[in-house]
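*Asks:* We have chain A; now place chain B onto it with these hints.
What follows is the residue order along each chain.
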Amino acid sequence: MADRRVGRIRDLDARRVNLDGFAVENADLGLVALRSPYDPEPSLRLVDGRVVELDGVAEADFDTIDAFIAAHGLDLSVAEEATAFSDVELARLFVDFAVPRAEVVRLVAGCTPAKLARVLALLRPAELTMAMTKLRARRTPSNQGHVTNRADDPLLLAADAATAAAYGFRELETTVPVLADAPSNAVAVSVGAAVGAAGVLVQCSVEEALELELGLRGFVSYAETVSLYGTEGVFTDGDDTPWSKAFLTSAYASRGIKMRVSSGAGAEVLMGGAERRSMLYLESRCVSLARAIGAQGVQNGGIDGASVAAAVPAGVRELMAENVMVMARNLEACTGNDALMSESDVRRTSRTLPILLAGSDFVCSGFGTIQRYDNMFGPSNWNAEDLDDWLALQRDWGVDGGLKTAPPESLGALRRRAAEAVQAVYRWFGLADLSDESVDAAVDAVGSKDLVGDDALSVLNAARTIRESGLSMVDVVTALAESGFEEEAERVLAMLKARVVGDYLQTAAIFDSSMNVLSLVTDPNDYAGPGTGYEPSEARQAEIDDIRQARSVEDLRAEQASWASSELSVVGPALPGTDPREVLVGVSPATGREIWRTLSGLPVVDVLREILAGIEEEGCVGRVVRINDTLDLGMVGLSAARLAGSGVAVGLQAKGTALIHRRDLPPLANLELYSVAPALERSHYRLLGVNAARHARGATPEPAKNPYTDEAIEARYHTAVVSLVAVERGCCAPLGPDELKVTDESFSTGDN
Amino acid sequence: MNPFRPATTEAASPPSTPEVEKGSLTKAFSGRPLDSLTLDAVRAGEVTTDDLRIHPETLEHQAQVAEQHANPQLAANFRRAAELTALDDADVMRIYEALRPRRSTFEELEEIAAWLDARNAPINAALVREAAEVYRRRGLCR
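Residue numbers (full-length UniProt numbering), protein chains in the order written: chain A, 1 to 752; chain B, 1 to 142.
This is chain A alone, in the form it adopts within the complex (with noise of 0.2 angstroms):
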């Protein structure tokens, strides 16, 4: 066995980051991230006006995506001003904040995509954060959402969009794993986005002609499936021009609809068809092709390409100069982290950290807010799982990364009153009769393999009735406001209404929830160095800060107070014992007033009992003192000793951390102690009062040995203990030692 790997290798083999690919840096196949040896130089010239040369091509050579970039994608009036600029000081501009925003967007309009891809690549990852905290269009931060599932269940889609919606989405994306089911998921998704909040943006992704379909007839109010690819073989493989797309872009935005194009680090490379380019290089194409062709706003930052990039050196760097390189060509950027990259928490973490700090338009071009395998985009880099995660990461922080603790007691309520929506449109049109059992599924289902039966079929019949009846989103208001929806009704309307308005083609534009369009316009970035730029409102603050999880020491005082047990009561004051069998146990001064249970979640009754069992096995006697002048556990403990008739005493704080002492021993040393209170079982205390008791005795026994764990315990529960010690501390006073009663147990109704 000579090449058997040792065992430090053997273990860091089966850790998950070894489940993920990793690629040597191939320039001939596309995995490269930010500079291949094969990318253009940058060049641009101009004759009388006009590009005869952009990156090394000739304006004959051009291929479809140049010769859309060089009719419409520059600003020649300043190209000559940003080609003077070096590289290194054009990345400056980026990272200096002293250089407002619209001077970089101003010069970046004049460079060709070779020259930004090259600046970007000089970015390193805290400068990247610096210029995206910087760069992005709006000031407000937000985040997107994916709603979907595997079976298309439209009660859940609903009852799962208003959740997401409730959990503070700003747009929400699903899309189909049958096509023909694509209208009932809109309606649906539609429909329980408005239970949830208003002004909440909804997309239906799938193939480009039907998701224009579903734009028209008003069930989505955004488009974001209109993907850009960075070589032309991909592009026209992609079943498009830059004209299709382009022309795209203007039907949308001629029914006053949201759109924005897809692309990423990967594709090429996926589809066999990067050209020796560098990934980098390629988004910059597409991204310039973004703003030629007059899209508001681009969702890059991998996508489905994603675990591609990131499996090269500096891949998921590129990732994010990526997205800043829409910030500023002036864009709105749906940043990614999206798609699963990696199996490693710590990798998926990481890869979304900084543009987490520095704040996007959208964090997550697509945070699954369902459950992983109900995901039919493939599971997200966050999906339902972590949203607790995430709203830690935000508090930790002191960042608004788009979310709020939807509150548990009334999501209930929420979720039935969205799949009753949809239940009650669907039979509004005859499109399918669900029943109440389903919705009850529904409500309370954690994803799809919690519904009840399967209605494939019925959801295939409803789309197509969508499809073909001519039925339209104002027919949708119309049977909301029949059902007694009408307060969903109207926010659907309001969505309706916003088209007509065209505030929201802007630039980053989102609706917060009273309506309002917040966008590069109305709400612009105006970071410009500390003290500037956004900062949460104090309600936003509170929000982020108080998740469900966070007790305060009056919770913990009224969770403990429920405990009190009437089985230790004060017999009078403890005086000094004479017999040399006796041992004492001496109990911290809030233990049987106001703490009554350790943090194993032991009844402090309980381990009194198991101390005094242990010591009389031993054939000692057990007695109970409070000492009320120390919540220190050595003093607490010597204080006991030194009533005990064998010097010997057991200390127990009431939060169960518990020690042995002997009367001639400083305060700070002791026998035996345990220290990892919230691992300690019955037996450990019972072990205790036996080798106290063997103390007593003069033996020598072995000691006790703090059971061991590599849980975070202390993460677990420090906020407790120091609540605990607040709690202790309130009931210190220099008052003389109590002599306490334990009932004997045969009379109690204890647990045991």
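Not one of these hints is a red herring.
Covered stretches of chain A, going by a simulated chain B footprint (3 or more residues, C-beta under 8 angstroms):
(1) 71-84
(2) 105-115
(3) 205-217
(4) 240-253
(5) 287-294
(6) 479-489
(7) 492-502
None of these hints come from the bench; they were simulated from the model. All C-beta atoms in this analysis are idealised placements derived from N, C-alpha and C, irrespective of residue type, glycine included.
*Replies:* Same frame as chain A, but now just chain B:
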């Protein structure tokens, strides 16, 4: 060191007006004022598709806003869109399909351009003509 000169700051606009206040100022494609599009009107069956479509003048206004915010390409998009408001959904879908790779001959694209010109959509006509030229050179015509 950087030849930075004081740049134009982006227009600091006031927060956008809530829809309700804007209602009397904005009209739908049909000409109907936005604030007449109430839930009661919808329930009474008085709201048509054209009442919920954007007016070309509104798109021109949005184009001017986009220009003021350093995005002439977005403005150009809104101006193409303003022309397309006059077309039926089916015609919009048809032209999009025709512009996809290898769907149309050069001549068919020229015909679409002429058709657009005849419907007072010269910017879109120019876009289609430009596409025809490039498609012919790059082998993307049918």
